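Undergrad: So you can see what is in the structure, the chains are spelled out below.
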Amino acid sequence: MSDLAQARTFDEFLEGIWRQNPVFVMVLGMCPTLAVTVSAVNALSMGLATAFVLVCSCGLVSLIRNIVPKEVRIATYIVIIATFVTVVDYVIQAVSLAVYEALGAFIQLIVVNCIILGRAEAHASKHPPLTAMVNALGMSIGFVIGLLALGTVREILGAGTLFGFSLFGANFQPWVVMVLPPGGFIVLGAWLLLFAALKRRKEARLVAPGGGHGA
Amino acid sequence: MAPESLGQIFLAAVLANNFVLAMFLGLCPFLGVSARLDTAFPMGIATTFVMLVASLCAFGLNLLLTLFHLEFLRLISYIVVIASAVQLVEMFLKKTSPALFRALGIYLPLITTNCAVLGVALFQTAREYSFAQAMVFSFGGGAGFTLALVLMASVRERLQLSSVPGVAQGTALSLMLAGLLSLAFMGFAGLGG
Chain R
37 MSDLAQARTF
47 DEFLEGIWRQ
57 NPVFVMVLGM
67 CPTLAVTVSA
77 VNALSMGLAT
87 AFVLVCSCGL
97 VSLIRNIVPK
107 EVRIATYIVI
117 IATFVTVVDY
127 VIQAVSLAVY
137 EALGAFIQLI
147 VVNCIILGRA
157 EAHASKHPPL
167 TAMVNALGMS
177 IGFVIGLLAL
187 GTVREILGAG
197 TLFGFSLFGA
207 NFQPWVVMVL
217 PPGGFIVLGA
227 WLLLFAALKR
237 RKEARLVAPG
247 GGHGA
Chain W
14 MAPESLGQIF
24 LAAVLANNFV
34 LAMFLGLCPF
44 LGVSARLDTA
54 FPMGIATTFV
64 MLVASLCAFG
74 LNLLLTLFHL
84 EFLRLISYIV
94 VIASAVQLVE
104 MFLKKTSPAL
114 FRALGIYLPL
124 ITTNCAVLGV
134 ALFQTAREYS
144 FAQAMVFSFG
154 GGAGFTLALV
164 LMASVRERLQ
174 LSSVPGVAQG
184 TALSLMLAGL
194 LSLAFMGFAG
204 LGG
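Those protein sequence lines, which keep their order, are chains R and W.
Heads up, the first sequence is in the numbering used here, so the first residue is 37 and it goes up one at a time.
Heads up, the second sequence is in the numbering used here, so the first residue is 14 and it goes up one at a time.
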């Protein structure tokens with residue numbers, strides 16, 4: 037029985053990372069995803085900030101899930117989330133002013149990240165705190181992976197660097213449009229294309245297993 | 014911050030710094046409601062209205078919070094104000110146009126979590142806009158949002174008639190389109206300072 041429970045917890049954890057990845061599968065939380073992924077460092081700090089808010093608010097929402105009346109639950113969640121975002125906002129300001137300035141208003145805009153409210157409503161409000169936090173942690177890791185996937189590609193193509201280190205030497209001609217707004221849309225579109233193509237190939241293989249097409 | 018004229022603020026908010034295509038605000042409704050023109054336009058108008066109300070309330074709230082040195086409550090109070098404004102629009106639409114209310118569906122309450130609305134409130138505070146500037150800014154932002162939504166919807170309506178490779182259908186295609194629109198809007202850079 038405990039093995040089963042453990043397996044289920046692990047499944048909750050994996051769900052957010054791969055099967056329900058918030059960036060690539062559910063396409064949620066697009067605004068911060070595209071706006072801050074100009075460089076890998078920004079992407080990582082944004083991801084961590086969101087992860088903190090997501091895990092804490094899901095835990096708290098889950099703790100009070102039986103007390104809050106149904107009619108005001110969304111408002112309650114928003115206030116909880118806004119509180120944690122205020123905390124993160126001040127912490128980042130204290131730890132690194134450079135990151136704070138690079139992310140700008142997008143730290144405060146974590147409040148309206150659909151992933152967090154979506155998780156609070158769809159998962160945390162129906163599950164005990166531990167499960168909710170594990171699920172939120174998985175989602176956060178999935179979100180960080182998504183942000184990094186975008187951030188690294190855009191930084192490498194648009195500036196020729198990775199985490200601030202130069203990759204190609206002085207002769208590299210940066211593909212500037214990649215760090216400008218259109219680049220964000222196009223790179224994310226390209227990732228989605230890649231995943232769609234992979235999924236299609238997998239499905240084709242499942243339909244005709246082994247033989248036939250010489251697979 | 015250097016004083017900006019109202020016209021400059023408006024132009025910048027609509028075109029050069031378009032909320033959706035240049036600043037990545039309000040992408041969820043942008044991708045979600047832009048499939049058809051006849052829902053995209055009302056959605057834009059509703060969002061613009063919420064933006065104006067939110068900006069108005071945020072301006073007053075900010076004065077009050079600064080007066081009592083409660084700046085750390087800014088975010089929480091803004092979001093509560095926006096949620097109430099959305100509720101208002103929702104009730105109004107439900108009464109006057111039930112068909113439209115159903116067409117917008119889940120995206121109507123989701124205006125609350127539209128980053129463009131909170132973005133307007135936060136940016137006008139960060140840039141220390143005066144009352145008139147804040148109003149023009151939020152109206153420009155709303156107009157820009159509507160413009161982007163309508164453009165996207167018209168492109169996507171035409172796409173339904175053309176043959177798209179199966180792999181590219183759905184979100185990937187919309188994102189690519191948004192990228193191209195965004196590229197076009199970069200041509201406005203510098204306009205309005």
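Since the hints were derived computationally from the structure, they do not count as laboratory data.
Quantities reported herein were computed from a predicted structural model and do not represent experimental measurements.
Careful: at least some of the hints might be erroneous.
[As the list claims (entries may be wrong)] In silico lysine-lysine, DSBU-like type, Cα no more than 35 Å apart, as pairs:
1. W/Lys107 - R/Lys162
2. W/Lys108 - R/Lys106
3. R/Lys106 - W/Lys107
4. R/Lys162 - W/Lys108
5. R/Lys162 - R/Lys106
Undergrad: For each hint, tell me whether it holds in the structure or not.
TA: Do the hints match the structure? See the list:
1. W/Lys107 - R/Lys162: holds, 29 Å
2. W/Lys108 - R/Lys106: The given pair, whose Cα atoms are some 24 Å apart, holds under the 35 Å limit.
3. R/Lys106 - W/Lys107: holds, 21 Å
4. R/Lys162 - W/Lys108: holds, 33 Å
5. R/Lys162 - R/Lys106: holds, 12 Å
In summary, the structure agrees with every hint in the numbered list given earlier.
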